[in-house]
Structure formats: structure tokens, C-alpha cells
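Using the hints provided, position chains B, C and D relative to the given structure of chain A.
As they're listed, the protein sequences go chains A, B, C and D. Number 66 in the UniProt record's numbering belongs to position 66 of the first sequence; there are no gaps in the numbering. Number 372 in the UniProt record's numbering belongs to position 372 of the second sequence; there are no gaps in the numbering. Number 66 in the UniProt record's numbering belongs to position 66 of the third sequence; there are no gaps in the numbering. Number 169 in the UniProt record's numbering belongs to position 169 of the fourth sequence; there are no gaps in the numbering.
To be clear, the hints were calculated from the coordinates, so they are not data collected in a lab. Note that the coordinates shown come from a computational prediction; the quantities given were computed from them, not determined experimentally. Just so you know, even glycine gets a beta-carbon here, dropped at the ideal spot from N, CA and C. Hints are supplied without guarantee of correctness; some may be wrong.
Claimed, not checked - Output of the computed footprint for chain D on chain A, the stretches with three or more beta carbons under 8 Å from beta carbons of chain D:
id, segment
1, 200-206
2, 234-245
3, 320-329
4, 343-356
What the hints assert, rightly or not - Subject to a maximum C-alpha distance of 30 Å in a straight line, what follows is the list of computed DSS-like cross-link-like pairs (lysine-lysine):
id, chain 1, residue 1, chain 2, residue 2
5, C, LYS334, B, LYS333
6, D, LYS247, A, LYS334
7, C, LYS228, D, LYS210
8, A, LYS345, D, LYS388
9, B, LYS172, B, LYS296
10, C, LYS334, B, LYS176
11, B, LYS388, C, LYS334
12, C, LYS345, B, LYS210
13, B, LYS333, C, LYS228
14, D, LYS210, A, LYS334
15, B, LYS205, C, LYS334
16, B, LYS345, C, LYS228
17, B, LYS247, C, LYS334
18, A, LYS160, B, LYS84
Stated by the list, open to error - In silico negatives: residues of chain B with every beta carbon more than 10 Å from chain C:
id, residue
19, ILE35
20, ASN63
21, ASP70
22, ALA72
23, SER156
24, TYR286
4 protein chains.
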Amino acid sequence: MIATKNLVTLFTETRSKTEQLCKPLEIEDYVVQPIVDVSPPKWHLGHTTWFFEEFILKHHKPNYKLFHPDFAFAFNSYYESIGKRVVRTDRGNMSRPGVAQVYDYRHYVTNELKDFLETIDISKEIEHLLLMGIHHEKQHQELLMTDIKYILGNNSFQPKYDDHFIESTTEKEKFKWISMGEGIYEIGHTNLEEFHYDNEIGRHKVYLHKYEIANKLVTNAEYLEFIKAGIYNDFNYWHAEAWEWLKETGISQPMYWHKIDENWHHYTLNGLKPLTMDSPVKHISYFEAFAYAQWKGCRLPTEFEWEASQNNFKWGQRWEWTESAYLPYPGYKKAPGAIGEYNGKFMVNQKVLRGASVVTASKHTRPTYRNFFHTNLRWQYTGIRLAK
Amino acid sequence: MIATKNLVTLFTETRSKTEQLCKPLEIEDYVVQPIVDVSPPKWHLGHTTWFFEEFILKHHKPNYKLFHPDFAFAFNSYYESIGKRVVRTDRGNMSRPGVAQVYDYRHYVTNELKDFLETIDISKEIEHLLLMGIHHEKQHQELLMTDIKYILGNNSFQPKYDDHFIESTTEKEKFKWISMGEGIYEIGHTNLEEFHYDNEIGRHKVYLHKYEIANKLVTNAEYLEFIKAGIYNDFNYWHAEAWEWLKETGISQPMYWHKIDENWHHYTLNGLKPLTMDSPVKHISYFEAFAYAQWKGCRLPTEFEWEASQNNFKWGQRWEWTESAYLPYPGYKKAPGAIGEYNGKFMVNQKVLRGASVVTASKHTRPTYRNFFHTNLRWQYTGIRLAK
Amino acid sequence: MIATKNLVTLFTETRSKTEQLCKPLEIEDYVVQPIVDVSPPKWHLGHTTWFFEEFILKHHKPNYKLFHPDFAFAFNSYYESIGKRVVRTDRGNMSRPGVAQVYDYRHYVTNELKDFLETIDISKEIEHLLLMGIHHEKQHQELLMTDIKYILGNNSFQPKYDDHFIESTTEKEKFKWISMGEGIYEIGHTNLEEFHYDNEIGRHKVYLHKYEIANKLVTNAEYLEFIKAGIYNDFNYWHAEAWEWLKETGISQPMYWHKIDENWHHYTLNGLKPLTMDSPVKHISYFEAFAYAQWKGCRLPTEFEWEASQNNFKWGQRWEWTESAYLPYPGYKKAPGAIGEYNGKFMVNQKVLRGASVVTASKHTRPTYRNFFHTNLRWQYTGIRLAK
Amino acid sequence: MIATKNLVTLFTETRSKTEQLCKPLEIEDYVVQPIVDVSPPKWHLGHTTWFFEEFILKHHKPNYKLFHPDFAFAFNSYYESIGKRVVRTDRGNMSRPGVAQVYDYRHYVTNELKDFLETIDISKEIEHLLLMGIHHEKQHQELLMTDIKYILGNNSFQPKYDDHFIESTTEKEKFKWISMGEGIYEIGHTNLEEFHYDNEIGRHKVYLHKYEIANKLVTNAEYLEFIKAGIYNDFNYWHAEAWEWLKETGISQPMYWHKIDENWHHYTLNGLKPLTMDSPVKHISYFEAFAYAQWKGCRLPTEFEWEASQNNFKWGQRWEWTESAYLPYPGYKKAPGAIGEYNGKFMVNQKVLRGASVVTASKHTRPTYRNFFHTNLRWQYTGIRLAK
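Chain A extracted, bound-state conformation (with noise of 0.2 Å):
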């Protein structure tokens, strides 16, 4: 159990890590929601605030006021159980709360909640909420990320969002094979002390056949052999709704991949650079992610191979998909209310990532932890790592 100093510390310094993630943001940056599945900074600000105003504040605090009666409208995201909300699509349409007000929104909402705390014995309920709040915020944190990076990425101007951030290292180790025994193996998270998931409960049994997994990630240069190889245009490496996939949008490369002047690019949060050959590729969908596998003679691991292998390589760069779609484990139930629906109502036509990604929030991820994207989505950091 965590003292509630550091619960406190916690809670502050996640709070104040968000809004030092927008500093390099202008206002106009904060508004808009390219498509659907980008939200509006200025919405993720207020949706993470909306989290612990709702479920902590407004139910526990005595004689706490709402510091806007309007608010739960705007930002909440998808909690049936909480009342109407602004339709997803129409987030970036919002110009009002503006940037300001939700900061002031932001800084009430903190100040209230360390206030609170300051103030009573910190329930084992209100623990876990807190956790579940501060934990929420972290994963925005990273969707913060990628959102911005789409809006400036996808910006014709391509503006850059600093000058120091770093998406990508160079893994040094020679390629090799990791040779995984058959047999039963525990998958799930163990100690249950630690913050966790609903989803990752339930340590149990797996019986898995002898596999091999790569010890790295696939790098940039590998994947343009698949490019140049023109697997894009040929259906047999594809699943049927894949092959659909690329006629209808035109996909033929990563997202964010430029060629200019027969010269591969690629928008990063620097700005447009060079591809870099060695680093480990990004953006790019399970559809892909599986042909390349097939292409190769491979596969993409399972989730429980990966679990139970991961300690045999480094991981951390990217979210890498995994074959396995996402599934409740055997025993799971989800919470009552609200809460409750965080996670099992997307347990169909989902696959599972693992690992994390340069922008997962610190302290975000675990080898138990358990991502999830449709089959199609690119604009998180994600890649491959083969296995066999």
C-alpha cells in the first residue's frame, strides 16, 4: 500500500506532467480532432479533470461544488452510466470551454482533491479511485501524444513539436531467435498490492507449444524490403479484410512516411527527417504488422508467449501487436457501474498490444499490462516483433 504522501505526490506530479506535455502547443492546437479517433488536447486536459471530479469530488468531498454544471456534458467520453455527452465526433467542433477555462478547470479540480486529501483518512475505496484516476490520466498522457502528433503531422505545414524529443533508439543486439520450451506457464498479474487492471486479474494457467521470438523489433530498413517488395499490392500475404482495407484508403507505406525526391522521410515530433534505417518501425496497423509476419515465413507472437518470454528481451519502444485478440480471462467479471466500464465493454473485434511505447507514461506499463486497438489503427506507437 502506497503512503498517502506519496499518493498525493503522485496525484500532483501526474497532474502537472500533463500540462507541461502541452507547453509547446498554441492555443489553435488544443481545438481541432482531424478524425474521430484524435481527440482535441483541450478535451483530454478536461476529459482526465471530468474523471476525478465525477467519480471521487462530486460523490465523497462534502459541500463540493461542480465548478461548472455543464461540464460532465463536454467532457465525458463514453460512460453510459454517466448521462449524455458530447456526440465523439463532435469534440474538435467545441471552441468553447476555451483553452484557459479548462486550465482554471484543471487547477480548481487539483486544488480540491489535494485539499480533500489533505483533510481525511484515505479510504481503501478512495485509494483505489484516486489510483484508477491517476493511472487514467497517465494513459490520456500518451494519447496526448500520439493526438498531437497527428494533428501536427497531418498538418501540411508540419510543424514540429520540439526539438529534443526522441521516438526512436537504435537497438544494438545482433537478431536472434529465443527459444521458448512447451509447457504450462502463469499469465496475469501477480501482486495485487500494485496498480493494475481489471483486465490483466486472474493469474492462470496456459499451456503453450515450443516457439521461438525475436529478441528485437523489426527495424525501418527491414520493413522498406517489404515495401520494395511490393507485398502492399499482392492479396496473398493479406487477411480478406485487410486487402479491402488497402483498396479503399490507398495505404501503401507507414503513416507518416514521406517520399520525397525518391528519398524516404518521415514526420516525427522533431519534424520531418530522414528516415532512420536502424531504428524500429512505427505506425503502422495489425494488417500489416501481420503480412509483414507472413511474408517473412512468421508469425506475430501470442500474448501469452509474450508475456512469458518477455524477460528474455528488451521491450519499451513500441506497443507491439500481438496475434491474440482481446478476451476476458478466465474468472473475469467486470465492476459494477461506471467503472465497470472501462474496459470489458471493448472485449470484441479488438487485438492485444504489449509492451509500451516512448510516450507511455512512466510507471504506465507492466509485462502484465494490456493494450488494445482495432485491427486498423496506426496512429499510436506501434510495431512488430516476429515470432515463430
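Frame of chain A; chains B, C and D shown alone:
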């Protein structure tokens, strides 16, 4: 012909008026595009500036240096002749160039053009282009106001634009029919020295049969009767296409009307207010105007009937839907080049509106002015004058 | 007024003609609806029958027994007044009632109506409804032919309808412009004893300026020049809406044209044939007719110009697109009840076509007849006559 | 291995069975495609025939003459390797080839193949292709029945297929939970001599935790309780994606259910009948199966749980939705060439169903058989078996 000095004054006043209209906005309001027809105010500011840069400075001012090489891409609207441009639906996804930079762009072009005009003898061609640019900007002043109203009025917080804006004046006259005799009338612009668009020249004769036209516009109170009579649910009064449109959109009242606790309100630029019963109805589509007229056993006037009789009534509060399709006058030829894209290419599947509205720029209308919109659009200040 | 005997003859001949048109069909051809505008032949057979049952027999024949209580649901087209009906897009999904049963329905209603007519003194009202039904069926005879052509011509096997159908005749006259003087012309139907639709009455004066109109239609050879000149790729000649339509659909030639090994062919009711160069172009949209005229430095005539000059040229091979929007004539009132749904509710966003085509039923057109279609439609036998 | 004689018998019986299933149809019923998932019966007849022609006769029978050079275009389903084909949504727009010609095609290919088989020693390869073709046709026999049901059951006349078809049998056993112990189970096809698909081989171990599985299927009466409890309107029991789907489609009951004067009916192949309360519910989506299980405080079994326990209960009336996503078994490799397009390319975003239904062809299922459909589909005979 206009003296140079007057022309420069007209130019600088127009430029400054546009900026004055934006004074009450927050930076965030400049950015959003809630529906495809509504452009971000920032875009209007840039686009009207680009017009002067593209059509005058770039081609006529010696050694003119573009403010930014990519701004043409960002601020071209629909001129196919000029090259690529941001897709219309993407205008609200562009956070950059920011508002401050757009104002810099404006001031740069305004000054460059003033300099240019002061150093030359203004040729007929330059005068024509300049007047074109000025009236183009005046036209965008009206769109700017209707777009601002849409942005604020569709925000769930219903923020006001300012406290003083007057959208409606009561027409004090008693209703009466004005009778017009059968015969030949002359239609179209006459004073070719005065500024005009190419769609209104070609003064020509039309034969009109006896008709009567209302001396005043349909009021909110009268339109409310139409609603109460259940006509939004009675197909008999609607075009087949209108009936489909009603079923798809669920529309059952003018845009910006809200029924709150059994009392009708409307959003105005001064905020949400009780509906003023005796002001002219506004923000209705052609479909609704037509159905209203049908229900009253009347019809809408043609644009020729309107023009022939307009001396006999007051107009200027609302753009008045006519029964006329937007078509070329006899002898109409579109101008060569990009300037020719202004009017002719829209002459299909739209309706003519006559008059002016409370947000029409000063001196930007006249009895022969032909405005035009698609039959389902409502975000302009549109109204109804009956005929029979 | 028409003698009873003649009326009965006209009725039975019309009924029998419709069935004769379907003779070459296989049962399968009666069922399909490849696009929403094209109805299954079976539906035309049923719908024209339902019209007589619904508007005459049901209300006027004592003790008339409906053929089947649910056929009104299956065969109503768009009459909101009459009640629910199969959604238009679903017509091709209804395998029942089968073709044989639809013919039974036809014969039942034909016989019942003949019986009825023979036992009564035909009142003015019945005569009007009967003529309405007959002309309604004649109109559907034309649609039947164009729908059959679409069904067969869009089948990859390109089956022929028969061997003898003549779609085009060469217009032997040398091209010349017919000059028409300025002045007042009378427009609209005159002989009110003769059958006519409500949209063509209201004989009225229009003032026409001097114009010239072509004595013959644009030929395939001439249209081919337009294609070769690359005008399908040059936005300058197209309406903005037309340009969008071209980009969406990829259209670059008239419907039914195919380029096979560098030689142009067209699908006709006799099967796929080499393009006949001197026959009038057909199956083009208003958008294309307009662009062609622009490219020739001409324009399309208005419907008034067409009517005023039609005595001076041959017409009847193609429906000729005019520049006129489909609007009510002065004094137009739609009839009360379902019959009134026939014309008025379509008077928006469509264009008038004048003349007739090779598949127009005998005696189903006249100089004042106003046909109308949306600007993008091409499956009718449409053509181009130039004016200037 | 199967003796040649038996193989030829199996082939001819299968061919003849397909035609027998179509006996009750009118010609019109063969043609229509009311939704994209439902193919015209005529297409099933042709497509199953094309499979034998394309994969056996064309490549293996000396001097084989194609029945028609364009039939491959008409009857290929989704084999990208084989070349162009009629777009899936267009199958219902093709009136030709007609039903009689498709039967000619069937008989030609059946006879050519019988001739061929009688003159050769059947190699392993031919045997494999032949069995593939036979089972492919058996699979289409099931689709044929569900498509016929859809075509007739969505026709407003609700015609029956025949009088004798039995869609449901009451499961007489009392409900009980079957308990299964924790441990390693072997999953996948074993008898490689027997026909099987590539998706079910790769016999492998899985570790299952203790679970209980129902001995019988959920009944109509039980499902009615779910409806009466208002669960179709309570988001708590649904996946987020399912909730969107409910709102879009307005679905609130199984496919083919109709409430008439307060009494529940369902359309069956014998026509519209009062709902039989004790038969197993059918025509529900995975979304509904999942929500039902949630509401009962249970869950759906995984496909492994189902296979491990299937000896302990009767199955075969309904395809039973499982919680398992359709994924490759360990070591799965898709076959090279067109045959490899059969299964692997669909292994994403679908759910596994186990068991069989009342319209599954004889000998076309087994305990290891893996059926799969998208989560929203309902036109198959699908049902629910609970687990916990």
C-alpha cells in the same frame, strides 16, 4: 468611375471591417468547422487576403514576395485554375497557420497592396480586380457572421457574440398585397459603372403575368402557426425531396429555435432569448419557405417578380427565397480564367435569393443582386415573402 | 371528347402493348433492380395495374373485390396519400409475387375494368381517371424499355433484347442554325380536350430574345470529338457539381459506350455493336450536355425556346436536355389528393427535357410535353440540341 | 481412404442433393439478393459447379472444354488468385445466365467430372480436390437454405418454403450444469484420413480451468424473458460496439420474430407460426448471445471448452456462438495457391461457432469443426449454450 483615393479608402475600410467583426472572438473560435458549409473564421481571414495576393500582387506588383509559399494551398477555396488546395472538409483540422500568423498575413498583404496602389496609376484591369477583391471580402463578411453564429449557436454552452447585435426589426406596416400588372419588365443590372457581378448583367426583358406580392415578411408568430398546424408532419405541402430531407434530419422547426419548458426560444448573437413574435422568421430552408407558402395557399415570388416590384416594399432584413432556379441570364458568358469560376459554375440545382440580410455588408447588395444557395441550407439569415 | 368505344380500345391496346414489350424477356429479367432508378419489369407490370385498381375500380366499381389485399403495398410507387409501400430500393429483393401471378393480376384488372366500362355511362371523372391511367401506363412503357436496356446492358453477358429494335435514325439534313426573332411567345398546352398533364397547362406568355437553335441533334461522331479533346478532364467546361460527380464516378463517356481494342462500341437493344457515327448521341446526363455546349461555345436552349421553335425542326429520337429548371407555370395548382402527387412534388432540382425518344409510347408526347430528370441521370434516351 | 466408387457416389449424391433443396423454389426466387450476405440461389448453384470446373476439370481433364468462357467471372466468389469476378453486391443484379442455363452448366460439369473419374486412377491430389469440392458444396447447401429463408422470410408475403421442414426439436432433458475438471486437453482434428479443413488440424494441448457448461440450449421462452426484462435497452449488458449496433439498426428481438396483436410469432420455412416456446432460440447475433449470458450472470464457453466437453451433451440443432475469436491453431500454415484462400484470410474479427444446425449438410460437421461469422450476423441458425 471611382477616384483612386476613394478606392484605397474603400479597400482599407473593408479590410479593417472584417477584423472588427472578429473582435469578440476567442482564439479557439477562429479554428473550428462544425459542418462543411461553415468555414473557420481564421480561414475567411486568410482566404480574403489570398484573393488580393493571388489575383493582384503576385501578377502585377513588381518584385512582390509571397508572404508564405504554402498559403495559397491553405487558403484557396474552389479555384481549380489556381492549383491544389486543402480539401474543404479539412479546413477545421488545420491548427496552423495560427490566428496571429493569419493576422500578420492580412497586414502584410493590406500594406503591400496600399503601397502598390499609391505608386501606380490604377488601370481599368487593376480597378476591376480590386473591386472584385473588395466585394469578395464583403461577401465573406456576411459568411463570417453566419459562420460565427453557427459555431457559437451550436456549442452546448450557447455563448453570446456580443450584447448589442440587432438581428431583427419589427416591420410596422400592416400586411397588404401589392398588385402588379401584366406586361414586359426589364430585369438585370443597368449602371455598368457601378460594381456588379457577372450573373446580374445582361439587362433583358421578361413577360410577367398579373401577380400580387406581400409588403412584408412572414413573422415568427405566423411561422409558429405553421408548426402548430402540424405541417412538418404532413407530406402534402412538401416537395418529395424535402419530405425525404425532413425524415432524414428530423427537422421540425427553424434553425436555432429551442422549446424550453413549453416556451419557444431562439439563439441569437446576443445569446439564447425568448422568441420575438413579430420579427421576421429566419434560418429556414427553401423547402420550408415553399411548404409555408403552399400551406397559406400562396407561393414564393420568382426573382423577376421580386425585382420588378421591389420598389414598393422595404427589404434588407432577410435573404428572401424565390421560386427561381439559379440560371444564367440571356447572353451570359463566364469570364475566362480563374475569375470566371466565380459564378457560372454554380448555376445548377440552387435557388435564387433576393434582398439582403442584417449581416450583409454595407453597399454589398442592390435590387439586381442574385444570391444563391442549395434548397436545404439554413444557416444564412433567410426569410419568406409571399406572392400569389 | 373521346367516344366510349375508342376509349375502351385505347385502354386495351395500351394494356396489351405493355405485355408485348416484355415478350423477349426471360422470367429472371423481370425481377432485378440493378440501381435504384431502374425498377424490375415485373414491378412496372404490377404498378400500372395497381393504378387502375386503386383509383378506379376500388372506388367506383360496385362490389369490386381486390385481386389481393397486399398488392397495394407491393405496387404503390410514391403516393404518400395511399399508405405504406415497399421501399423503393427493395423492389429488386421481392421474388414474390411471381411473374405469372403479376400477369394474372394484370388480366384480372384489365377484364374487370373492361366489364365496368361496358356497363356504365362513362362520366367525366371516370374518363379523366381512365385517361390518366392509360397515359401513366404509356409513360411506364418508356421506363420499361430503358430499364430493360439497363438490366441487359449492364449484365456482363450483354444479352440482346431482340434483333430488330431501331434506336437511331440518321438525320439527313445538313446542319444549320434556325433563327428566331425577339418577342412575346405563347407557351403551354392549348387544346384542353386533348389529354395533357397538369404541369403543361396554364398557357402563358414569355418574352424571348433573339436566338438560334440547331436543326439537328449532336451526333456520336461529334461527341467523340469532345471526348478526344479531353474535356472530361478539363474542369473549365463543367459545373462545380458536375466536376465532383465526374471525380466520384470516374465517368468519361456516355453510358453503354465501350472501347474494345481501340474501337468504340455501344450496347444497343440488338446487342453490342460498333458505334454508329452519324446517329444522335444518347444516354448522356445534363451535366455532359451542358459541358458539350460550353465547349462548342454554345448553350442548351431553354424549354421555352424549344417550344417556340419546334415546328422548324424534326424531333422525337431523343429527349433533349434544356437549360430550364423544372418549375411550375404561372397559376399552377396541384390537384387535391393522390392524383395531385403526380407532378408538383418533383418541381425542384430537376431539369426539363423536351421532345420524345425512340421508346416513347405512341401519342404520349406533344410539343408542350415537359419531361424531367435529375441532372446526373443517363439511362434514358437523352440527347443534345444546341442553341446560341 | 475412400474407395473410388464411394467417392463418385458421394459426389453425385451431393450434386443431386443441392438441386433437390431448390425444388420448392419459383424461378424468381433464384435471382434476388436482398442483402449482401445472402446470395441468389442461382449463384450458389453456379458457384459450387465452377469450383469443380476451375480446380479439377480445367487443369486435370485432358481437352476439357469450358462450358462458357465467362462463367468463371460470374461464379468466382472471393478467390483473388483466379482473376476478376462479379462484385459481390452485384450478384442479385444479374438476370443472366438464367436458371435453366445454370442447371445446364451443373449437369455438364457433373457429367464431365463423372466421366473423368471413371476413366482415371484417382490420385491423392484429385481425391483431395474432389473432397474439397464436395464439402465446399455441402457448406453451400447450408448457406443455400439460410439464404432461401432470408429471401422468403423478408418478403412481405411471407411465402413458405414447404410444409414439412423441421427447424427445431425440443430438448427433453432437464437443464443441468456439466462440470469439467481443470487440466490439459487435446484440441483439434485427429483422424487425418477423414475429410477436414486446414483450420481444425494442428492437434494441440490447451490448459483449461475448471468450468461448467449447460447440457442444453437456451430456449425461446428463456430468451423472451430477456426481452421482457428490457435488456435490449440496457447498455450495461452489451459490448460498446454492440450498443452502437443496436442503436443503428433498431434491433430488439431475434431475426424473424414478429409480435402480432401481442402474440409472438416467428417466420419458419413452413411459414409464419406462433413462437414455439420450448425450442432453442435461433437467428441471434454473437452480440445478443453475449448479452444474454451476461444478464444470466454466466458467459459463453470458449471453443476449447466446447470441444472438450461436447461428448457430454447433445448438439446439432444450432450453431453455438463461442467466446473464442477465430484464430489460427499453433503451427497453422495456409496452403499455397487459391485453395489456401479458403480459411486463413478470414482469421480476424470473427467469432468461432461450434456444433451444427438443422440445415447443416449430412456428414458436414464433427466435434472439431470450426465455423465462423462476424459478430453482428443473424441469418444463420445460431443459438446459445451457457457456461460459467
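Item to complete: Hints the structure violates: just list their numbers, smallest first.
Response: 5, 7 and 24
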